Structure formats: structure tokens, C-alpha cells
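Engineer: As given, the protein sequences belong to chains A and B, one line each in that order.
For the first sequence, the positions run 1 to 355 when the working numbering is used.
For the second sequence, the positions run 1 to 193 when the working numbering is used.
Since the hints were made in silico from the structure, they are not lab data.
Remember, predicted model here, so these are calculated numbers, not experimental data.
Careful: at least some of the hints might be erroneous.
Claimed, not checked - To spell it out: a stretch of chain A is covered by chain B in this simulated footprint if at least three of its residues, at any positions, have a beta carbon under 8 Å from a beta carbon of chain B; those stretches are:
1) 183-191
2) 241-250
3) 253-267
4) 285-299
A virtual CB, placed ideally from N, CA and C, is assigned to each residue, including glycine.
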Amino acid sequence: MSLDFKYGFDDFFRDETYCDDFTYRNSPAAIRRFPFPFDRDDYMYSVNMEPHVAGRKGSVFEHTFDVDEHYLSEMRDRARVLASDPLRCQSLPHMTLAGWDLLELIMETKAREYPQWFSLAKDGNRWHWINRPLGIDQKFTFLDESTLPYGPMEYISRQTQGDFTLQDEREGTLWVDAGMVTTQADWSLDFNIGMNFHEWHAPVPLAHEKGIFDRALKFLMKLQQGSPVRRYNWTMTVNPLLDTAPETYPDWGHMRTALTPKNMGHMMHLRVELQTLYRLPRSNAICFDIRAYLGKFEELVTVPKWGRRLHRVVRDLHPDLAAYKGFLRNRDEMTQWLSQYDDGQPTSPGWWPED
Amino acid sequence: MISRPVYGVLEPRPGAVHLIVADGEGAKAVADLVSKDPSILHKSHILYTAGPNGTDQWDSINALGAKQAQKAASIPTLLFRLARVLQDAPMGAQVYLTGTEGLMGQAERDVMALGFPHADIQKEHRGSTMRRVQCVHCKGITENVKTDPFPCSHCGLHLFVRDHYSRRLAAFQGVNIDAEEKGHIPPAVERFK
Ligand code: HEM
Numbered sequence: 001m002s003l004d005f006k007y008g009f010d011d012f013f014r015d016e017t018y019c020d021d022f023t024y025r026n027s028p029a030a031i032r033r034f035p036f037p038f039d040r041d042d043y044m045y046s047v048n049m050e051p052h053v054a055g056r057k058g059s060v061f062e063h064t065f066d067v068d069e070h071y072l073s074e075m076r077d078r079a080r081v082l083a084s085d086p087l088r089c090q091s092l093p094h095m096t097l098a099g100w101d102l103l104e105l106i107m108e109t110k111a112r113e114y115p116q117w118f119s120l121a122k123d124g125n126r127w128h129w130i131n132r133p134l135g136i137d138q139k140f141t142f143l144d145e146s147t148l149p150y151g152p153m154e155y156i157s158r159q160t161q162g163d164f165t166l167q168d169e170r171e172g173t174l175w176v177d178a179g180m181v182t183t184q185a186d187w188s189l190d191f192n193i194g195m196n197f198h199e200w201h202a203p204v205p206l207a208h209e210k211g212i213f214d215r216a217l218k219f220l221m222k223l224q225q226g227s228p229v230r231r232y233n234w235t236m237t238v239n240p241l242l243d244t245a246p247e248t249y250p251d252w253g254h255m256r257t258a259l260t261p262k263n264m265g266h267m268m269h270l271r272v273e274l275q276t277l278y279r280l281p282r283s284n285a286i287c288f289d290i291r292a293y294l295g296k297f298e299e300l301v302t303v304p305k306w307g308r309r310l311h312r313v314v315r316d317l318h319p320d321l322a323a324y325k326g327f328l329r330n331r332d333e334m335t336q337w338l339s340q341y342d343d344g345q346p347t348s349p350g351w352w353p354e355d
Numbered sequence: 001m002i003s004r005p006v007y008g009v010l011e012p013r014p015g016a017v018h019l020i021v022a023d024g025e026g027a028k029a030v031a032d033l034v035s036k037d038p039s040i041l042h043k044s045h046i047l048y049t050a051g052p053n054g055t056d057q058w059d060s061i062n063a064l065g066a067k068q069a070q071k072a073a074s075i076p077t078l079l080f081r082l083a084r085v086l087q088d089a090p091m092g093a094q095v096y097l098t099g100t101e102g103l104m105g106q107a108e109r110d111v112m113a114l115g116f117p118h119a120d121i122q123k124e125h126r127g128s129t130m131r132r133v134q135c136v137h138c139k140g141i142t143e144n145v146k147t148d149p150f151p152c153s154h155c156g157l158h159l160f161v162r163d164h165y166s167r168r169l170a171a172f173q174g175v176n177i178d179a180e181e182k183g184h185i186p187p188a189v190e191r192f193k
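Between the sequences and the hints, there should be enough to build the whole structure, so can you do that?
Structural biologist: Okay, structure coming up:
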């Protein structure tokens, strides 16, 4: 048994690459719905969490799991990364049940929210899953691993945009004991697996001192099934690399030195992570979904408010954060380039483009 | 640093069995421990090996008069013995680890893997501060790292030691220092002795 995709590229699902020739880009419609993460002109870490409820039609918040024009190319990129490094997907033995919880959550939600693409029929534990864009038609027995080509977490996350980690709760904290991580901003699942909430966050500057992780953990321990929450994180990525893993840093790190004022708009990407957290029903684990959106500088500045704001955020960001996010060496050139799009006008509060 | 383990001072605690694991200068911490309560000696099993800097105080361990004491040739061979001894250790056994970070980290990993509660494991750092570092690129572990940066003993990339520690691997994280500008390798500074 294997999972062979038949990619249904069409007018909506783009055929594009996240490596080598980097043909990834956003359509004008995708730019308009880009999850621009700054609701004001400056940025500092905070416990920025809100209920993950359905938002504006057409926005990335319309659905629980956003499926966008990059879906198929992203899944192809994940398959490529996993083929070259299977350690990007790992699950400690006690996490299989949480994997089934995740599979159920995604299948039920996608079949409900995108009936044109996904369907799920159940006859007791005998389930029938159809994923039309990827050409999958799978009958299997829920909770019986032998009936799927991969473990449940790997099976469903090979078909779902976003990285996933599954956290076991014990000893008053969360433990990252499973994950599918191929679109990460420079952190290693293989190194972090088995760590607790404070351990895996150790390298983050300033936030520990501000008590952010203590408060965030308290908040998460109270997370209830059926009431997911979300937050944004962001960084900068040179070239549309979904996979900026520490493992392969020697292969992509040099790209950071290739920026010039001429290629800045095309090569530099704001990388936004829409992170959502779900309490899972059987395992009581917490699922963490890290969905990365890449927007080229030249795409983002087509929205005047975003151009002004991005310039101010990048210019004024605390140097420790710019260093941690890996763009201190390019910050001056980035600010310089963005300043062309900042006429000094005030910006309205909130992140929506038209407000 | 947050994911860095915290070390204390070994204190005798009530228990039917006392399992003591030490390397190098840890021998002195073992002597201090039993001097606080010599009655634990007749219920103690000590495993010892020389430190990575060559310090060998086996004679003083051997002279303590514990119920059982063995010298191992290296940390890996000590860990084989430890695995066997742990099979017979009852829950509620007290575990004492002392010496270098590398020894304590690996012994703790093995002890915890068998389900011993964290609360029954004590650690006291003595001697060398050299680090055990995993290369995030090739996954190989370099023992006894003294300098920052240093060459990975497996793939040869020059690594800096990130302040990020995994208890599962008992190792710090090493990341290529010249990934962005090949060949720009700052001079190695001795950070760990
Ligand atoms: C429970 C699920 C979570 C997981 C698995 C997770 C994982 C991570 C990881 C692996 C990193 C990178 C650390 C490194 O440099 O090695 C990170 C960064 C960070 N996390 Fe989390 N995290 C979680 C939840 C949260 C929550 C709820 C908050 C809320 C405040 C938070 C705030 C942050 C911040 C501020 C950073 C630094 C990001 C940056 O500047 O780019 N995390 N997280």
C-alpha cells in the first residue's frame, strides 16, 4: 500500500515550485487575502491568542483549515522533503491515538467545509475518504493502523497544508511527542521531540523574561475541545523556501547573502505562520498547526497600508528579534527598499487591507 | 539558559537501594555524599569511570566500602552496566549522578527511559564543563567539545554551540557557523574546560 498522488492542477491549484527555480508566487486574489500579521506599526512578542472562529468570507479565517491555490504544490514539496529526510515526521509510540484524533478532526472538518474537494463516509469504524485534488480514494478502518499506508498523523498531514505537532499533557506541562514538520522556520523536530513547553522555547530571546511562556502555557492547559485558538508568528525568508530546516541550513543559508536592492522585492518574503491549537478528544493531547504563508515584498507593497506598515515594523524591530529571526544582516537594505512605499501617512488600526 | 539542566548538591535520601553513578571529579561528590550519611553505604551500588580530562579517582571510590562498586573503561561501557543494574533496581531506589554533564545527561536519559520518576534522581556537577553536542545537520554527536566553534567529528562542518539542550539526546545543538558565508569561520574560543 502506498499513497500515490494524482495532482489535479487546474485554473485554481497552481503548479509551482519551492526549490531550484522557485516559481512560487501569489495570484492577485491570494495577495488580497494574505494574512498580514501586523495590526499596528510596531511589533513585540505578546500572548497574542484569540478564539479560532470563522472569519470574513474569502479570508484565510473563513475555514478551519484553509485550503488555498498553493495546496497541491505544497503537498508535492512535502513529499519531496520527506523522501530526502524521513526524520521530519516522527511520533513517539504513545502518540498514535492523538494521530487518529488529528485524522478525524481534519477529515470531518474538510469534508464539511469543502464538500467539492473532500468527502468522508462512515459505516461504524469503516471509513471512506475521498480527496479529489490529490486523486485519493481510500477505504480504511478507523483506529486500525494496518489499514492505512502510513500512521494516521503522517497519512493525513501529507494531505494537509501546514506543519503539525502533537503535544502530550503531563506533569503540568506539554510535551512535543509527535510531529510532521517540513515547512518550519529554522527549528528541528528531530532535536526537539520529547521536550516540554519551556525547553523547546529556550532559544527565543526576551519572551521568557516577559513571562510570555508562563502565561501562554497556563492558557493552553485550559484549552477545551471544540474551542480552538489561534495566533500569528512571522519571520523573513529569502526565496520562497517552505522548508527552511536547520538540517539543510548549509544548503540555503547562503541565499541570505544574495540580496540586492534590485532583487529585494522578488526574493524577500514575509513568512507568516497562522498557528492554531486544538484539544483532541480521545488522547487529550493538544494539536498545534503551524500554517506558513509566503508573501513577496513586491506583492505585499501593492497594498499601500501594508507597504507603509511593513517598512515601519522592519525599521524599528528590536535587534535581538531581528537577529533571532535571521535577518539582521539584511535589515538595512530591507528598510531602504521598503521606505519607497512609506509616504509617512498614518495607517488605520487592524490588519485588513481596505480599512 | 532554560532548557539547560539544573544541578544541585547530592543529599542522602531514604531508600532501599542507592544507585550512584560518577565520573572524574565526581568521586569527591560521592565521598561528600556518603560522609553525610555513612549508613547508605551498605545499600549502595557505585558505577565509576575516569573523566574526559583523564581524572581517575577510582581508588578513593573503591576505598569507600560500598556494597558494590565497579569501574568502567568509558562512559559507553558504564552505560551498559547501568542498563543491567537498573533492571533490578526497585521503584523508590535513589539515583545519584555526579561528574560531567555528558555522563549525567546520558545516565539520566537511560534511568528516565525506564520510568524512574524525575524526583528520585539527583545530579551534582563536578569537573569538566566540556560539552556533548549533536550536529543538527548529520546528527552525529561530538563528545568533549571545548571550543566554540568546533569541527563536527562526523561530517567535518564547523559548528557553533547553540544554547539548546535535549534531555532525550543528552546533548546540546550544534549549527553550522559558515552556512551563510562559506569559509568565514571565527577563531575557536575555549568556552568549556
Ligand atoms: C504548544 C504548541 C507550541 C509549539 C510546539 C511551539 C513551538 C515553537 C518552536 C519550535 C519555536 C522555535 C524555537 C527555536 O528557535 O528553536 C517557537 C517559537 C516561538 N513561540 Fe512557540 N510553540 C507553541 C506554542 C506557542 C504559544 C501558545 C505561544 C504564545 C505566546 C508561542 C510563542 C512563541 C514565540 C514568541 C516564539 C518566537 C518566534 C519568533 O520570533 O520567530 N508558542 N515555538
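Engineer: Which numbered hints turn out to be false for this structure?
Structural biologist: Of the numbered hints given earlier, the structure breaks just one, which is hint 4.
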